[in-house]
Amino acid sequence: MKKARLSPWDIAWLVFAALYFLIPLYGTAEFSLETGVGKYGIDAYQHVIGDTSLQQIDFKDTFPLSLKLAVATVILSIVLMVPTVYWVHLKLPRVRQIMDFVATLPLVIPPITLAVGILQLFQAGSQQSRGPAQVLVADPSSWLLSGPQILALSYVILGLPFTYRSLDAGMRAIDLKTLTEAGQSMGASWFTVLWRVILPNLRFAILSSAFLTVTLVMGEYTMASIMLFNTFPTFMFVVTTGGDAHQGAALAIISLLLTWAALLGILLLGRKSGRRDTQIAGAR
Amino acid sequence: MAEVAEERVPALSGGMAVAPLRARSRSTRARTMLWLPMAPFFLYVVLFLVLPTIWLVVGAFQDTSGSFTTSNMRSLFQGGNLDAYKTSIELSLATALTGSVFGFFVAYAMVKDGAPRWIRALLSTFAGVAANFAGVPLAFAFVATLGTTGVVTVLLNNHGLHIYQSGFTVYSFGGLVLVYTYFQMPLMLLVISPALDGLRREWREAAVSLGASGQQFWRWVGLPILWPSLFGAAVLLFGSAFSAYATTVALVGSQINLVPIKIGSILSGDFAADPNQANALAVGMIVIIAAVMVVYAVLQRRSNRWFR
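Chain order of the listed sequences is A and B.
Quick note on numbering: the numbering used here labels position 248 of the first sequence as 248, and the sequence is numbered without any gaps.
One rule links them: number in the numbering used here = place in the second sequence (from 1) + 1000.
So that you can see chain B by itself, here it is in the shape it has in the complex:
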């Protein structure tokens, strides 16, 4: 809008033959002045986000001597690499599911009119902290609680329940699901409660007054409206689990074969591998996350139809 206005002003003021030329140069200058303040930001983003990413992609298609090759990218579909992607996707799916289901039911209970106000305030605050409390300390909190000498493990031992003898260990895939859910569930809670708030009470009242049961309301009104939000939130959770690195490496080291762990160990030189392999693995991650975010954006657009 502003840009169009600035272009018109000189055109209106100049009536003589030389005017168009002067007007053009003046509008070019106006245009430069308009965009100049944006330069630092875009320069920064190009330097620290765009170029590094492009560099990553270029490296993924190079061999150690710098010539073009597709072998790094092709190796993503083989052996250990393919397994790493599979395990990463499985873990992300599993924790997106546990986090979404758990988070949804808690959020649903929390936003009901019958629930005391303070429960909602307390849970939202707690969720804000827990969603940000990921990484090394979170992993250790679970070790201190459910590790071999963890507080709960010892407590259960004292009562004759030896969970480690019956096969449980926190340093496993299942353990990771348990730990990830600690930041996934609050994330779901925070993302879905506005949507649940938007599920207007009048809609429920209208359905009930027409003779609908609770089940019928959910089948024909509630879920059709909510599903884009629900699914969108689950997709977001998938992405957050897929990118997580610190929590995992602090809990299981390199025992579980996940993509970020693999990238980390190539870079720290734990095993002799071509560093361009790390680039290829990273590009694979970006492709998957990008696909996930596209799905999220589409669903977000759909769910916005009802909440305005």
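For reference, chain A alone in the conformation it holds in the complex:
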């Protein structure tokens, strides 16, 4: 049987796709490196990272904040999801359908509407001031709204679809029951089993979902802007829409490199453990 060969049309589509992918990237890179007509340098990068005089928000404050949010979101997601998915696989297999459904909900509810809902809910909560409601509802709500912690907590929800799917696939691939029973027969507690037996076997699933979560947090503009926090993406927005265009381009390239690094990380991990699936963080 003869092999299906590439027709000229196929080649045309592939070339078209390559150009469509690369030209905007080339355009941005060129723009970020241009310092004058026909002159190139890294001035834009130095300025956008170092300059604190121009705007009320700057790289030095926003980038570390976004990194902290990313780390917090990753840790929260893992602490919340690993025991839950483990338990579902081990003891409540019928609940998996419900989990599948819940995990697709954040894809159905647009981030902008979720941001509105969360903001209004906790604002209403913080206004409760009668009796025990003060301690149980009003105080926690005010604390949540008092700082960027509300963003990290919301990002856990945004990341839920791929965190869950990644862990679900990871746990399906290993024999949880045998591993757990082996651990327990040697006297290990639930915590020890999870920490010393299950987690090491889930390295790939956890790391790949962590990389995607970092990508999500480092690029998430919608919720941060609706909730009025100055994160790296909102800084990028201020610079690209109102500030110096070359600096805006430099930030876009930095952001792209972050995405590349995270996805290459997943790819390399996948090659090591023989798994290959690319995931998508969802609309922005």
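Don't read these hints as lab results, they were simulated from the structure.
Treat the hints loosely; a few may be bogus.
[Said to hold, decoys possible] One side of the interface only, derived from the structure: several residues of chain B facing chain A at Cβ under 10 Å:
no. : residue
1   : L1034
2   : F1061
3   : F1142
4   : V1152
5   : V1292
Quick caveat: nothing in here was measured; it's all calculated off a predicted structure.
Every residue gets a Cβ at the ideal spot worked out from N, C-alpha and C, and that includes glycine.
Starting from the known structure of chain A, fit chain B onto it as the hints suggest.
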């Protein structure tokens, strides 16, 4: 399964008259212990996903003083709001179409046996990055390329092709389609290539050996099998375009009347409007996306019949 087993154990072990009572209390405790580890997760989802959404819906049916009204929801079908939904749906349809068609042909070329392996590896990786590279930086990449002083615009100007004088602008509906396609096309590529892989070569060989032409194969075998996957992927693309906010607001600000942009400007107080109006607009979005996802789920079930 596990739950049933745990309930039976005490019933079998107890033979005396008091046994049923003790068994019941023990099984209640077993049941609690079984479900307790799920509590943090469900509590979290209720607090940060379910309650906020319910709150949103409640607010959509309230006026500024908090009493019940349907005027917010009714206003969705009037004037600027209706236009916003129309434009949002048009934009989502247009980019779902461009993304699906473009993505399908590229994926088809990529998965063919004749295509070198490295092309597939490279394109899939690139698609993974591009599908995640949405938002502010993506909008700016297109400004730097096709904006008034963009690299390509300047290049074309130098060769006598003044695209901005002939009416083109990246800050328009057409521009948005161009930019959205940048994350829509790779999304299609990633979603559809497994389905194309599943279109087994033997089916094609069987059709050809029975004398079918390429066209006949697609008409009678290929498309009937693929259409749920194709349509399902397009529906997914529609949803992703419909929810997008950052890319749009970074590129066109509030020049184009889309639902997410409208919600954003009500909340940031750009014009004096009842905040409950934002709730109503958001509820409208959720209803549309939910309908879209139901269609997607149904099609997914159909396409799974062939790929097992």
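Results for each hint:
1. Interface restraint check for B/L1034: the shortest CB-CB distance to chain A comes to about 6 Å, inside 10 Å, so the restraint holds.
2. The interface hint given for B/F1061 is broken, as the beta carbon of that residue sits about 13 Å from the closest beta carbon of chain A, more than 10 Å.
3. Checking B/F1142 against chain A by beta carbon gives a least distance of about 6 Å; that is within 10 Å, so the hint holds.
4. For B/V1152, the suggested interface contact is upheld, since its CB lies about 6 Å from the closest CB of chain A, less than 10 Å.
5. For B/V1292, the suggested interface contact is upheld, since its CB lies about 8 Å from the closest CB of chain A, less than 10 Å.
In this structure, only the earlier hint numbered 2 is contradicted, and the remaining ones agree with it.
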